[in-house]
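> Residues per chain are reported as follows:
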Amino acid sequence: MLEIKGLKANVEDKEILRGIDLTVKAGEVHAVMGPNGSGKSTLAQVLAGHPAYEVTGGSVTYDGRDLMEMEPEERAQAGIFLAFQYPVEIPGVSNAYFLRAAYNEVRKANGQEEVDPLEFLEVVEAKSKLVQMDPEMLNRSVNVGFSGGEKKRNEILQMAVLEPKLAVLDETDSGLDIDALRIVADGVNALRAPDRSTIVVTHYQRLLNYIVPDYVHVLAHGRIIKSGGKELALELEARGYDWLLAEATA
Amino acid sequence: MSDPTINDASAVQDGPHWLAARRQAARERFAELGFPTRKNENWHYTSVNPIVEAGYTQLTTPSGNVTSAALAPFLFDQPDWPLVVFLNGRYSAELSTPADQLPEGVRVATLGALLSEGQEAPEEVRELVREHLLAIADTQENAFTALNAALAADGVVVAIGSEMVVDTPIHLIFVTDPAADSRAMHTRNLVVAGRHSRASILESYVGLGGAAYFMNAVTEVVVDAGATLNHVKVQRESDRAFHIGTADASQGRDSHYQHFSFATGAALSRTNVHTLLGGEGCGATLNGLYMLDGEQHCDHQTRIEHKEPNCFSREVYKGLLAGRSHGVFNGKVYVHPEAQKTDGKQENNVILLSETAQIDSKPELEIYADDVKCTHGATVGQLDETALFYMKSRGVDATTARQLLTYAFAADVIETIEQEAVRDGLESLTLERFTGIEVGAR
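As you go down the protein sequences, you meet chains U and S in turn.
Our numbering puts the first residue of the first sequence at 4, with every later residue one more than the last.
Our numbering puts the first residue of the second sequence at 233, with every later residue one more than the last.
If you are wondering where the hints come from, they were derived from the structure by calculation, not from laboratory data.
Virtual Cβ for every residue (Gly too), placed ideally from N, Cα, C.
The reader is advised that the hints may include incorrect statements.
[Claimed, not checked] Distance ranges between label pairs, derived from CB positions:
{"no.": "1", "chain 1": "U", "residue 1": "L121", "chain 2": "S", "residue 2": "V612", "range": "36 to 46 Å"}
{"no.": "2", "chain 1": "U", "residue 1": "N192", "chain 2": "S", "residue 2": "D471", "range": "50 to 60 Å"}
{"no.": "3", "chain 1": "U", "residue 1": "V147", "chain 2": "S", "residue 2": "L663", "range": "18 to 28 Å"}
{"no.": "4", "chain 1": "S", "residue 1": "E587", "chain 2": "U", "residue 2": "N212", "range": "17 to 27 Å"}
{"no.": "5", "chain 1": "S", "residue 1": "S295", "chain 2": "U", "residue 2": "E125", "range": "38 to 48 Å"}
{"no.": "6", "chain 1": "S", "residue 1": "D370", "chain 2": "U", "residue 2": "E125", "range": "50 to 60 Å"}
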């Protein structure tokens with residue numbers, strides 16, 4: 004589904020990703036962990052096509068297509084979803100309107116009929132339950148005045164509505180209390196399917212108790228320095244990152 | 233510079249002696265002032281040379297041919313709202329709601345009748361007209377207001393009776409068609425909201441058929457003690473027109489004046505909104521939205537004058553500038569020494585949708601009291617790139633994302649309009665205005 008080879012990326016002329024190799028097959032959940040500044044979030048943003056990041060080398064193939072040649076909206080229409088670490092507030096655009104616009108764009112791209120507001124309401128109400136979101140929040144401006152937990156739940160709601168093939172969760176757990184974390188994780192787990200893949204970017208092992216990964220990768224200084232199964236996450240939790248960094252530089 | 237505009241007043245009589253005296257004083261004052269130049273602080277960013285050079289003569293005789301059907305698109309889908317229509321500067325009885333079908337508590341008279349008959353105004357409004365007409369709007373500093381006072385050939389007087397609550401907005405429409413091409417119109421209106429009354433006035437300027445003309449309109453407003461007046465001005469002049477529109481309000485104790493200026497038309501426009509909070513415990517809310525494109529120039533000048541203690545004022549103006557347009561906002565909040573406990577907030581937010589659009593924004597506070605809470609600010613920016621990326625990352629294409637953000641920016645201030653129909657109408661106008669424009673192609 005996704006094949007990243009030797010990916011290099013800069014932000015403001017500073018090299019952040021220095022050769023990433025990662026292959027994600029359909030149905031797999033990959034966790035990307037690493038200390039602050041390791042490039043985890045950059046990787047997530049590059050996959051979504053954030054204009055601030057300049058890809059300087061390597062390749063990313065998604066479903067046989069060259070992902071780096073696609074606009075952010077084309078990627079979304081092709082089934083890539085990035086749950087933002089810091090969801091963006093959009094004053095004046097209602098959550099419901101925004102979600103429906105996105106939903107219809109994705110449907111259009113897949114040759115499906117657009118839905119009208121009433122039809123969409125049915126779709127979104129069912130999905131709101133999944134993340135235990137008050138339907139009243141659909142009428143509010145996107146993320147405006149939402150608490151940290153509400154913003155993250157809203158990301159998962161968007162994901163549930165758009166039903167992506169590849170979901171990238173960028174530190175979705177940061178700043179969440181345990182209850183909110185469970186709700187978010189339940190939402191993600193409910194979407195797991197043999198044809199869907201997930202990349203979970205996180206600093207803490209905690210989230211992986213709820214979203215159990217098939218593979219864990221440790222990123223440091225813009226490279227994957229170790230890959231393993233879910234037990235690697237537990238080892239990191241117990242021992243921290245330092246031993247790995249020492250091992251990598253040794 | 234010789235002034236063809238002012239020499240053409242012969243066709244209009246001066247009305248009763250008190251009115252003639254006020255017109256004469258204004259005439260003399262205009263002769264002293266002349267047209268403002270950019271050396272004048274209040275006109276620093278707007279040159280009126282195009283108006284002066286055009287030298288349009290005043291149109292005082294009834295003219296034009298506009299049907300009710302042609303006006304229909306400008307009624308916000310509310311054909312039942314009482315209408316007072318002026319066509320090419322003159323009252324049109326044919327297009328207006330007959331006096332006996334006006335809402336209870338609303339009186340309407342025309343300046344044209346007052347001038348031509350040389351008599352006093354109808355008895356019900358006589359006192360009000362004598363007291364306020366040509367007496368509120370400043371002619372000492374404002375040359376165009378003086379010119380208007382000297383030359384106005386027609387206009388409307390709307391009086392809301394004391395204690396009356398009028399739910400239906402009264403729609404004043406000033407429509408111009410090609411018969412007014414290369415002519416000037418000076419329109420003078422007076423709106424009086426009596427004690428403890430509550431009413432809404434919608435003032436629309438509409439240009440049909442793309443004529444070039446000069447509309448110089450002044451609306452004097454009295455908001456008497458305890459009254460609430462909601463005043464929405466919608467400026468949709470032809471794109472070759474010059475428009476100068478002034479609202480000058482005088483507020484009594486515990487009154488509330490809400491003014492909204494929506495400006496999207498005219499080649500060159502200037503809107504002045506002044507209010508004098510002249511009694512304790514009153515409030516003023518002046519909001520506005522200007523949306524420009526092409527070579528349009530649009531200037532808003534507001535002045536909120538706090539004269540008494542314990543009053544509040546709120547002001548939010550937003551601008552959306554595309555093409556090579558030029559927006560100007562100059563808002564002053566003036567607090568007199570006796571106006572303690574004044575609570576004032578003012579802001580002007582502008583989005584430049586092109587590299588070549590230009591804004592001059594100058595919010596000003598002038599405070600002579602020592603116990604007040606006043607803030608002001610201005611922001612100028614482009615569409616939020618982060619929000620654009622966020623929307624695109626959800627599959628929304630770049631053009632739609634830009635339009636949505638543009639619309640959202642504008643809708644935020646449109647939301648403050650009380651009448652849902654006007655709000656909806658202006659929102660769809662906003663969408664329409666920026667659909668198809670390469671918004672923010674940077």
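> Give a verdict on every hint.
Evaluated hints:
1. L121(U) / V612(S): 36 to 46 Å: This hint holds: roughly 40 Å between Cβ atoms.
2. N192(U) / D471(S): 50 to 60 Å: Given a distance of about 58 Å, which is inside 50 to 60 Å, the answer is holds.
3. V147(U) / L663(S): 18 to 28 Å: holds, 20 Å
4. E587(S) / N212(U): 17 to 27 Å: violated, 51 Å
5. S295(S) / E125(U): 38 to 48 Å: At roughly 57 Å between Cβ atoms, E125(U) and S295(S) fall outside 38 to 48 Å, so the hint is violated.
6. D370(S) / E125(U): 50 to 60 Å: holds, 59 Å
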